[in-house]
Every structure is written in C-alpha cells, then in structure tokens.
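Number of protein chains: 2
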Amino acid sequence: MSPSRKTEVPPPTRRSPCPVACTLDILGDRWTLLVVRDLMLGRTRFKEFSASPEGIPTNILTDRLERLVRHGIAERIPAAEGSKRLAYQLTEKGEALRPVLKAMKEWGLVWEEGTRAALSDG
Amino acid sequence: MSPSRKTEVPPPTRRSPCPVACTLDILGDRWTLLVVRDLMLGRTRFKEFSASPEGIPTNILTDRLERLVRHGIAERIPAAEGSKRLAYQLTEKGEALRPVLKAMKEWGLVWEEGTRAALSDG
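Residue numbers (the working numbering), protein chains in the order written: chain A, 1325 to 1446; chain B, 1325 to 1446.
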C-alpha cells in the first residue's frame, strides 16, 4: 500500500456550504480530533493512539483512522522500512488543522478548570 | 429568569486533563458549534437557529441550547423588554470560542471544495 496524498471525494452529504458545518461533518465528534492531536504529538501507531489517556475504544479508533484517511487528513505509511505493519501520519491537509487544535487548546486552558496541555505546539 | 454569567460546574466526567479533550467533551458533536456560529452571526431566537440551512432537529436544538447554558457558553435573556419569551446570547466564555470557529472556517474554505463563508468575522 503506497502512501498517497490524494483525497477520495466524500459523498455529497453536506448539510450546507458553510465551511464550519463541512468541517464538523468530518470532525464533529468526541474522538476524531483527539486522534489528530496524537498525530500532531508524533504518535504514529494504532497502539500508541490506543494508549492515550482518554482510552479510545479500539473499534472507534479503527473507524476514525479510516475516516481520517478517507478524507485525506492522514495517510498510511509502513511502520518501518520493509515492515508490513502500518503507521499513520498527517497529510498537508491534516497539518493544516493545527490552528483548530491550538484554538481549542487555548480555550480549554482558559475556560475549563484543571486542564493542562500536553500539546506543546499544537 | 435573570441572565447570569455564572457557570454551573459540570460533573467530573472528563476523559483526561487535556484541554482539547475537555473542549471536545463539551463541543465535540456535529451540532453544538453550529448553534454557537448562529449566535456569533447575531441570531438569538430558537426559531432562528431552527431556520438555519443545516436544518437542526428541534429536539437536538433544545438539548444543545441547554448544554450551552449549562456550560456557561450561552445565557438566556428575555426576547424583548417585558417579554416572557426567551432568547439566547453568548457569554464571555462563548465569545471566546471565536478563534475556534474562525480556524474551522478557514480550514473548511481551503480544504473542502464548494464551501463558502456566511460568518464574516468569526
């Protein structure tokens, strides 16, 4: 399986042309952006995402990784040279989500007591 | 019912102290941030949110408005002076979500074809 940056076109199930709504069509749930956060933190393997403190259930993790790949936000790469095991990395489209994560992080830090950041630059 | 900026403390159901995870605990679904968007666009009434192009079901809208008030993101105000009907407005905590919406809007505009912005400053 060769890495590809090509985005499969999602089915036209958009609720409106609003870019916020379209973004939420893809990312609007409790888990997807946490996988993106992990990818931004340099995690690449299924078991690393699975070990994050939020304890994402493996069936949800599988689904969300599929979704991220389908929307061109993450891509599959070999876990090591010559390895058949897979890892994941953000595409350019995925890296472009940094300002979204950064804004959420900053809002949480200011407005939700007891939060502390693990994400140094995101 | 007098407007209040006081945030009721949510129950301690956090998945982790990560501010992104905490933000998603509150806002991580397909609809909540669309109501916040509408509030940022100056909409204040249930029927106005209901009329947005995404067609939010009224039971979901009721739930999400309750959630926004419970988390101190929006507050109830009289729809007009002396009126018993209610309207909603963002609190300071809700206004502080503008960078989140802005980042989502900008990402959607760049990466999702066919989107167009209604949100001029958010």
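One thing to keep in mind: the hints can contain errors.
Remember, identical chains collapse to one label, so a pair may be satisfied in a single copy or spanning two.
To be verified - Computed list of lysine to aspartate or glutamate pairs in EDC-like fashion (alpha-carbon distance at most 16 Å, straight line):
| no. | residue 1 | residue 2 |
| --- | --- | --- |
| 1 | Lys1417 | Glu1437 |
| 2 | Lys1371 | Asp1387 |
| 3 | Lys1417 | Glu1399 |
| 4 | Lys1426 | Glu1436 |
| 5 | Lys1417 | Glu1430 |
| 6 | Lys1417 | Glu1436 |
| 7 | Lys1408 | Glu1430 |
| 8 | Lys1371 | Glu1436 |
| 9 | Lys1426 | Glu1390 |
| 10 | Lys1408 | Asp1349 |
| 11 | Lys1426 | Glu1405 |
| 12 | Lys1408 | Glu1419 |
Just so you know, the hints here were simulated from the structure itself, not pulled from any lab data.
Outcome of the hint check:
In this assembly of identical chains, the alpha carbons of Lys1417 and Glu1437 lie at most 16 Å apart only when taken from different copies (13 Å versus 31 Å within one copy). Taking identical chains as interchangeable, the C-alpha atoms of Lys1371 and Asp1387 lie at most 16 Å apart only when both belong to the same chain, with a minimum of 14 Å there against 35 Å between chains. Only within a single protomer do Lys1417 and Glu1399 lie at most 16 Å apart by alpha-carbon distance; the minimum there is 10 Å, versus 36 Å between protomers. With identical chains, the CA atoms of Lys1426 and Glu1436 are at most 16 Å apart within one copy only, with a shortest distance of 15 Å there and 20 Å across copies.
For the homomeric pair Lys1417 and Glu1430, the shortest alpha-carbon distance between copies (12 Å) is at most 16 Å, but the shortest distance inside one copy (21 Å) is not. Taking CA atoms no more than 16 Å apart as the test, Lys1417 paired with Glu1436 passes between copies only; the shortest distance there is 10 Å, against 29 Å inside one copy. With identical chains, the CA atoms of Lys1408 and Glu1430 are never at most 16 Å apart, being 38 Å at best within one copy and 37 Å at best between copies. Neither within a single protomer nor between protomers do Lys1371 and Glu1436 lie at most 16 Å apart by alpha-carbon distance, with minima of 29 Å and 30 Å respectively.
For a Cα distance limit of 16 Å, the shortest separation of Lys1426 from Glu1390 qualifies neither inside one copy, at 24 Å, nor across copies, at 26 Å. Proximity of Lys1408 and Asp1349 under a CA criterion of 16 Å is satisfied in neither setting, with 32 Å inside one chain copy and 35 Å between copies. In this homomeric assembly, Lys1426 and Glu1405 never come within 16 Å of each other (Cα to Cα): the closest approach is 32 Å inside a single copy and 40 Å across copies. In the homo-oligomer, the alpha carbons of Lys1408 and Glu1419 never lie at most 16 Å apart, since the shortest distance is 25 Å inside one protomer and 48 Å across protomers.
Against the hints set out earlier in the document, violations occur for numbers 7, 8, 9, 10, 11 and 12.
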